[in-house]
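The chain contents come next:
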Amino acid sequence: MDQKRVSRRSFLALAMAAPIGASALAACGTSGPGQARAGEASIWYLTGAPQEGLRKASVDAFNAAHPDGQLAATFFENDAYKTRIRTAVGANQAPTIIWTWGGGGLRDYVRNGQVDDLTDWFAQNPDVKSKRFETSFGAATIDGKIYAVPCEQVSPIVMFYNRQLFEQVGAQPPTTWSELMALVPVFNNAGIAPFSLAGQSRWTNMMWLEFLFDRQGGPEVFDAIAAGEPNAWSHPAAIAGLTKVQDLVRANGFVNGFQSIAADANADQALLHQGRAAMMLHGAWTYGSMKEEGGDFVPSGKLGWIPFPAIEGGAGDPSTGVGNPASFLALSSQASEEQKAIAREYFKSGLLTDADIDGWVASGAVPIVNGVDSKFSGPDAPFQQFVYDSATQASSWVHSWDQALLPGPADEMLRNIEQLFSLSITPEQFAANMNAVPSS
Amino acid sequence: MTGGSVSARQHGSLTWLVLPALVFFTAFGLVPLVGVLLLSFTSWNGIGEITPIGFENWAAVLSDPGLVHSLGVTFLIMALSWLVQTPLSILVGVFISGQHRYRAVLAVLFFTPLLLSSAAIAITYKALLDPNFGLGASLGIPFLVQNWLGDPVLAIATVVFVVSWQFIPFHSLIYQGAVRQIPASLYEASRIDGAGRIRQFFSITLPQLKYTMITSSTMIVAGSMTLFDLIFVLTLGGPSDATRVLALDMYLRGFRGNMMGPASVIALIIVVVAVLLAMGVQRLGGKDASESRLEGA
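Protein chains in written order, with this note's numbering: chain L, 1 to 440; chain H, 441 to 737.
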């Protein structure tokens with residue numbers, strides 16, 4: 001009798017648990033965050049101050065002005081977003097507007113028919129195109145067609161230096177590679193690391209090669225690599241660039257233990273603003289964080305910046321810019337016509353509005369708008385003008401390699417760059433390893 | 441009614457209780473496993489078409505020296521963490537199972553690492569080990585200023601240290617419980633025979649902990665096979681590939697390299713190797729290893 005009751009009770013418990021389990025399973029299949037309500041388009045943005053606030057303000061302003069076509073924004077942390085968006089696109093659950101870095105990732109979407117061709121739309125809206133920096137369109141253009149709208153800011157890679165330390169040793173910032181190499185012993189003898197580098201993050205090392213390849217051999221060297229031409233990594237200019245980096249490592253050009261330093265805690269920037277490293281090659285975005293964390297370092301004018309030095313006898317133009325030319329928004333081909341209409345309206349009237357531009361400028365950034373330099377004022381103006389000039393006067397622009405290549409080869413490249421910087425492979429081995437990686 | 445039929449009916453009713461767990465295990469354990477098995481025979485970059493390619497992924501992964509390397513790193517970290525964790529856990533477990541004045545306070549301190557997530561631990565250690573702003577530089581201890589995460593040998597040592605730091609409290613807890621289960625009569629008898637503390641430890645405590653050691657070792661082996669989060673945050677497999685363990689290799693191939701097929705092959709290799717190792721460790725305990733030690737049960 002007793003036993004029976006127990007078994008009935010457990011059966012009841014099971015019967016009650018079943019619907020919970022079933023609904024938990026069913027929840028996986030229904031609307032994820034990518035799916036907007038009827039009549040609403042969705043957009044995924046990245047978190048992080050101050051950009052997140054500006055993005056949110058832009059969507060709010062758009063929604064206030066367009067009560068009949070609303071845009072729903074969801075925010076993701078940078079690294080989480082990278083996996084999330086691929087999974088969503090792969091499962092046909094992509095948001096209407098897909099945030100992308102352009103280049104290889106975008107090429108992958110295009111190849112799989114996941115994003116719309118916007119070339120005709122740009123032709124119909126010439127103002128949208130003429131407003132933006134010409135250099136911002138390269139990473140959005142695939143096989144001659146434009147697949148994404150450039151927006152937000154330009155982030156070139158800049159050679160920063162500590163003016164105080166240069167005064168201390170009585171040196172001038174380098175304009176050529178041999179001047180740069182000559183400075184290495186000068187700073188080492190003074191007990192100062194010549195260059196700060198967060199080598200554990202790997203893409204930080206990559207920025208050096210981006211410049212060296214270009215200064216040495218011009219944009220054709222990396223263009224051939226990105227196009228997947230055979231043995232493109234073995235170009236003599238590439239080998240020369242790889243060799244120069246190892247020369248710098250051997251000369252103790254980088255701070256001791258640089259392979260242990262990660263960029264995510266801004267330790268590399270701290271070395272520069274605390275006066276322990278003389279120079280640092282890094283993205284323009286570090287200006288803001290050094291200003292915030294470096295005490296009086298930026299306000300008192302101790303932070304200096306120069307373009308990357310030229311290489312004597314190199315074929316590259318020293319004005320060529322390197323880095324992220326803009327942020328990009330692509331239109332999902334899976335979205336409904338109604339959603340696409342809202343998205344196109346946002347591209348046209350929601351991005352880089354006057355209020356938007358003012359917000360970006362006030363944050364110390366340089367939005368990708370022609371003539372925006374007239375708005376620069378205050379203490380950040382000199383740096384903003386430098387970034388503006390490097391973006392608008394650049395003869396060409398090298399898109400960050402890990403964004404320009406397809407994701408698979410990009411990861412393989414970062415592995416090899418790490419080995420190159422730790423001197424465990426030679427430039428020739430690096431080239432051979434990378435030539436063996438299918439680039440498409 | 442005989443005793444035997446009561447027992448059979450009891451077992452019958454208990455089977456019902458297992459059902460919900462079985463449903464969830466099937467939905468979230470077996471179904472994905474079959475999915476991974478199917479994916480391992482396809483070529484898929486995560487967003488495009490899934491095309492069947494037969495055994496191509498298996499052939500590619502099994503002939504890839506990278507797999508051998510990752511397997512080697514995984515086994516190395518597994519062996520080193522077992523060698524570090526097991527003796528220390530036993531000592532700590534025996535110590536905190538006794539009656540000491542400050543034992544309760546110490547036990548709380550010992551167990552704090554258990555409360556922290558792997559990601560938090562990894563971020564903290566990364567900051568502490570920074571050669572310029574970490575512990576060594578701030579306290580002025582030159583020995584602590586090393587290229588901890590940038591040198592292959594030091595990076596593996598660091599990983600083993602942090603893993604051990606994180607999990608020794610857990611294993612100590614298991615040993616503490618086991619030590620308390622040892623009948624006091626054994627110690628009393630040995631004391632009458634004139635055995636000292638050290639003799640008692642080696643002749644009574646350690647042999648009595650045999651089955652606990654097997655449980656704990658199984659967990660270390662299975663845990664090392666799936667070790668991912670800590671290394672992902674701490675070193676990302678670096679420098680170069682020095683700490684690229686199998687689980688990380690799987691993640692990087694699948695989600696960074698967008699090669700879901702080869703990543704699925706590695707996932708299945710992890711499952712098979714982990715199950716084989718766990719079975720091997722269980723076998724060490726003999727046939728009766730999983731039977732209850734309690735008298736009369």
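The set of hints was computed from the structure by calculation and includes no laboratory data. Here a beta-carbon is modelled for each residue, glycine too, at the ideal position from N, C-alpha and C. Any given hint could be a false lead.
What the hints assert, rightly or not - Partial chain H-side listing against chain L, Cβ under 10 angstroms, derived:
no. : residue
1   : E489
2   : P492
3   : F573
4   : G677
5   : P679
6   : R693
(message) The hint names P679 of chain H as touching chain L; please verify it with the least Cβ-Cβ distance against 10 angstroms.
(response) Check passed: Cβ of P679 of chain H comes within 5 angstroms of chain L, closer than 10 angstroms.
(request) Under 10 angstroms, Cβ to Cβ, is where P492 of chain H needs to be relative to chain L, so tell me if that hint holds or is violated. (result) Because about 17 angstroms separates P492 of chain H from the closest Cβ in chain L, which is outside the 10 angstroms limit, the hint is violated.
(request) Hold the hint about F573 of chain H up to the distance rule: shortest CB distance to chain L must be less than 10 angstroms. (result) Nearest chain L Cβ about 6 angstroms off; hint holds.
(request) Under 10 angstroms, Cβ to Cβ, is where E489 of chain H needs to be relative to chain L, so tell me if that hint holds or is violated. (result) holds (8 angstroms)
(request) Would you settle whether the hint for G677 of chain H is holds or violated, based on the nearest Cβ-Cβ distance to chain L being less than 10 angstroms? (result) G677 of chain H check passes; min Cβ-Cβ to chain L is 8 angstroms, inside 10 angstroms.
(message) So, as I understand it, the hint says R693 of chain H touches chain L; can you test that by seeing if any CB pair is closer than 10 angstroms?
(response) Interface hint status for R693 of chain H: holds (9 angstroms vs cutoff 10 angstroms).
The structure fails hint 2 only (numbered hints given earlier).
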